[in-house]
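S.K.: Spelled out from the first residue to the last, the chains are:
There are 2 protein chains.
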Amino acid sequence: MKYQSVLKIHASSLLYIVLGAGLLSCTPPNTPPPPKNIAPAADVVSGVDVTLTKAEFKKAQHIYFDRCSGCHGALRKGATGPNITPEKTLKKTLAKLEKILYEGTEGGMPGWGKDGFMTEDETKLMAKFVRLEPPQPPEWGMKEMKKSWKVHVPVADRPVSPPADRNWENYFGIVERDIGQITIVDGDTKEVLSRIPSGFATHILRTSASGRYMFAIGRDGKASMMDMWAEPPNLVAEVRTGIDARSIDTSKFKDFEDKYAVVGNYWPPHYVIMKGDTLEPLKVMGTRGYTYDTNEYHPEPRVASIVASHHAPEWVLNLKETGVVLLVDYSRMEDGTITETSINAERFLHDGGWDSTKRYFMVAANARDTISVIDTVERKLVKNIITGTKPHPGRGANWIDPEFGRVWATVHLGEGLVSIISTDPKSEHAWSVVREWELDGNSLFIKTHPKSTNVYCDNTINKNKSNVLTVFDINKPDAAPKEIVFKKKVVHMEFNKAGDEVWISLWDKAGEVVVLDDKTLKEKARITGLDMPTGKFNVYNTTRDIY
Amino acid sequence: MKYQSVLKIHASSLLYIVLGAGLLSCTPPNTPPPPKNIAPAADVVSGVDVTLTKAEFKKAQHIYFDRCSGCHGALRKGATGPNITPEKTLKKTLAKLEKILYEGTEGGMPGWGKDGFMTEDETKLMAKFVRLEPPQPPEWGMKEMKKSWKVHVPVADRPVSPPADRNWENYFGIVERDIGQITIVDGDTKEVLSRIPSGFATHILRTSASGRYMFAIGRDGKASMMDMWAEPPNLVAEVRTGIDARSIDTSKFKDFEDKYAVVGNYWPPHYVIMKGDTLEPLKVMGTRGYTYDTNEYHPEPRVASIVASHHAPEWVLNLKETGVVLLVDYSRMEDGTITETSINAERFLHDGGWDSTKRYFMVAANARDTISVIDTVERKLVKNIITGTKPHPGRGANWIDPEFGRVWATVHLGEGLVSIISTDPKSEHAWSVVREWELDGNSLFIKTHPKSTNVYCDNTINKNKSNVLTVFDINKPDAAPKEIVFKKKVVHMEFNKAGDEVWISLWDKAGEVVVLDDKTLKEKARITGLDMPTGKFNVYNTTRDIY
Chain U
4 MKYQSVLKIH ASSLLYIVLG AGLLSCTPPN TPPPPKNIAP AADVVSGVDV
54 TLTKAEFKKA QHIYFDRCSG CHGALRKGAT GPNITPEKTL KKTLAKLEKI
104 LYEGTEGGMP GWGKDGFMTE DETKLMAKFV RLEPPQPPEW GMKEMKKSWK
154 VHVPVADRPV SPPADRNWEN YFGIVERDIG QITIVDGDTK EVLSRIPSGF
204 ATHILRTSAS GRYMFAIGRD GKASMMDMWA EPPNLVAEVR TGIDARSIDT
254 SKFKDFEDKY AVVGNYWPPH YVIMKGDTLE PLKVMGTRGY TYDTNEYHPE
304 PRVASIVASH HAPEWVLNLK ETGVVLLVDY SRMEDGTITE TSINAERFLH
354 DGGWDSTKRY FMVAANARDT ISVIDTVERK LVKNIITGTK PHPGRGANWI
404 DPEFGRVWAT VHLGEGLVSI ISTDPKSEHA WSVVREWELD GNSLFIKTHP
454 KSTNVYCDNT INKNKSNVLT VFDINKPDAA PKEIVFKKKV VHMEFNKAGD
504 EVWISLWDKA GEVVVLDDKT LKEKARITGL DMPTGKFNVY NTTRDIY
Chain A
4 MKYQSVLKIH ASSLLYIVLG AGLLSCTPPN TPPPPKNIAP AADVVSGVDV
54 TLTKAEFKKA QHIYFDRCSG CHGALRKGAT GPNITPEKTL KKTLAKLEKI
104 LYEGTEGGMP GWGKDGFMTE DETKLMAKFV RLEPPQPPEW GMKEMKKSWK
154 VHVPVADRPV SPPADRNWEN YFGIVERDIG QITIVDGDTK EVLSRIPSGF
204 ATHILRTSAS GRYMFAIGRD GKASMMDMWA EPPNLVAEVR TGIDARSIDT
254 SKFKDFEDKY AVVGNYWPPH YVIMKGDTLE PLKVMGTRGY TYDTNEYHPE
304 PRVASIVASH HAPEWVLNLK ETGVVLLVDY SRMEDGTITE TSINAERFLH
354 DGGWDSTKRY FMVAANARDT ISVIDTVERK LVKNIITGTK PHPGRGANWI
404 DPEFGRVWAT VHLGEGLVSI ISTDPKSEHA WSVVREWELD GNSLFIKTHP
454 KSTNVYCDNT INKNKSNVLT VFDINKPDAA PKEIVFKKKV VHMEFNKAGD
504 EVWISLWDKA GEVVVLDDKT LKEKARITGL DMPTGKFNVY NTTRDIY
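Read top to bottom, the protein sequences are chains U and A. Those letters in the first sequence? Residues 4 to 550, by this note's numbering. Those letters in the second sequence? Residues 4 to 550, by this note's numbering.
One should not assume that every hint holds.
Since the list can't tell identical chains apart, any single copy or any two copies may satisfy a pair.
Listed next, the in silico SDA-like pairs over lysine to any residue satisfying Cα-Cα at most 25 Å (straight line) [claimed, not checked]:
| id | residue 1 | residue 2 |
| --- | --- | --- |
| 1 | Lys80 | Glu299 |
| 2 | Lys262 | Glu299 |
| 3 | Lys80 | Glu142 |
| 4 | Lys117 | His65 |
These are computed hints drawn from the structure, not numbers from a lab.
Please model the entire structure based on the sequences and the hints provided.
M.R.: So, in structure tokens, the structure goes:
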């Protein structure tokens, strides 16, 4: 019952964990081991006042990757968490560092010891570790990628047409993050079709332009490609693109459908373009560069999220530490040419989604409580909008507000707040917050669908109400929301293709996905036997960016 | 008479020195000290088998910057010279390294001890130094640049019109590299107008689109801006953009004339965009990234050269180690947006020039004996052309060949060869070598002018004939060239505005610039009292890329 300790963590700790390690990365101690390719240490590593053996140093590196690097960065320069290089840590006593590691801080640092994620010895080890110079993680270039690349089903051996008797565009991929598995479910029949191994701690699923292929990206940088036309859907290719990754997408513009895939890495700080049918790595482009505002060099600007533009043969890459949105033109990949447009946005970029026209990309800059609006037609920043504490839209949600017309909304990690922004460029309210809805708990995700009048919010990061799904009525924006109470923690919502069902994860070792009728809010079905289910991605809605 | 030792160096050593440290960087021991901002060492620096004191380590760092980094790179990963990180150097004995440093190698390494540039103790120190991990040179971001930025003459205090009684477009800037000085000479009267202090070891001069401003870039990263309208011309602004630099240019496209300047650095590997009238640094963009062919991360892709496109608001940046030509669109700098197009070319990119239409940029990739042709209209690589051993065009030379029409030519560092390439895209010979002329000595520069029928080549890197200027006749391409013999080493040629005089540097501590009549090849004038004059840049020809 070690996992139960998670439920006792106070909200700010969870916030930290979620932001740092990616979507719902609060992994219990019995998860798979962290990836191995972290820089080897010397026989003994000594600093100003501490010495670790090689074995201790290696153990600390693994713990650091698993618990610390998401927030503090592989090189410890800081992002969501502060800079913890020796320059900073040596100003504190060893005892103070041990205390912080064990008990946490008001600023959001989890109490790793107190909350049961590290033993007391481990917190002491980590206090020493952060007084030593950070080891440089290894590079990971084409040679390493090619070695890891596997095509499990050659293109010639794959089906030439979709399943005749299944509504495959209504398939769902469900992430079972902690066991490294993607479960494919038929959204019509609710049958589990296949369970496909993925990388460590899958962060997101995306689809090819046709929807036929589904792609997973593991936190260990392993990309997996699954064929929805196969019966049952299967793993057709995989490649490890780096040491630490969060994002994947595909080329979706006319004439480039299903042609390329792209992974954005945390370490090394780069993105990798691959063949869309085999994941063969083709090109690596670095992101190391300068902060948009202060023009300081940053050694690890991480690719926080990627979406495919609907208006150009481009991907929108969001570089966390530098606050730069990179428009990457892939139309000349045949001769190896890449064009990057660097747009100054805000720090630290995280995730985001399209407005309903799919012209404007709304991306969270969580260190500045901002949503940055990027116009992908004019290819510029429209506005930085202050919303609330640490916006976390996931993809956000679009609907028509009875008073303000077209709006898009985000929830927040740092407060119980839905910020609703006008996305009609012709409105006098364009690109400003037109409504705010209160939530009982800080939230991870918000979701609606063009055919729905409900807006669903989870309250995952709330110690009392994490098992509650909050449902607002688009047409009664001033009315109190409904609350649906479950027996387990609720996280992440996704609609089916028809837009008449909403699927909700109950986040537990004995986890389930509950299917609600969107009109009646009654339970229609329940998929059981899922290990810590988190994100769910409907093929049709993911392919078309419907949310 | 220490400098005389230079004359005894064999050709391959000089080749190495020239390539490594930039144009004619064979500095005698009494030159100004190297820049100071190199990473400080710890009290004692120890490696596998050697230990240096802090003082020894610092001294070695300075020598390394001055003599070694140009070829081997600040991080010692290798470029023109091989990789000399401890991974490699520890495979040789200390004695072997000392021998190489003292005596040089057949591969092109100078005999630093034998040739009198390092004492025996210094070669021993350097042998130890390269067995230690390379110190990371410091970063240099906006904060450091802003501190170094000085406007000596505010815009409001500058003349509003050019000198009434001088043909200022026929001014020449003459680089006196070793004393850090630019001498401005009136090309009509041959008067020395002013002597302006520049950075350490100026590598090149460029002008603004109007020609009014002349810019120098020092090897120490200091950019200097001189006003040709002032009487006499004066230093109006300066800024240090990095630790080690080679290239500078300005925005020359319609509507952006005189608006921006740009410096390309060796360290840090980045480029810096500045205001064109004050050198105020505005934006820094990194170049760290992946090799174009093997997709390996390179920690210091150096900006080898920059030219301003005539067909778009773009600069053409040539990244040495990655073999990438970067087209940098500056048209949206007002909102901080930069668009970079990465074109795969060849390694290691060095310098180059335009064809006569100014559409095609011809750039040397010296490690692969290649000229890469970049089409700046279609924004792609046209062809990689094999020419000879280590092409070094400077800007190259354009003329009309009686048989092949439009051609462009380069000389070579590694052999006495002029390679003449057809640049007429409609010719059946387009982008191939149509003629080869033999030279007695390996050469640094070639020059002609649209009004001239002569093609001038120096033979600087030749121990016997470095004092000879070779003159070919465009209209008698099979005839033996004329030779003009001087009493001192000849380097670098430049035409006057009218195109009827060619100016030649005699490279010596008691140096001179000799002005020849282009028709008669007779001496017309001589500018004396110049300390080691190297490059000379005519305002009109530099502004319009006439060569």
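S.K.: Next, verify each hint and record whether it holds.
M.R.: Hint-by-hint comparison with the structure:
1. Lys80 x Glu299: Answer is both: 12 Å inside a copy and 24 Å across each meet the 25 Å cutoff.
2. Lys262 x Glu299: Answer is between: at 23 Å across copies they meet the 25 Å cutoff, but 36 Å inside does not.
3. Lys80 x Glu142: Classified as both: same-chain Cα gap 18 Å, cross-chain 14 Å, threshold 25 Å.
4. Lys117 x His65: within (20 Å within a copy, 51 Å between copies)
Hint compliance for this structure: every hint is met.
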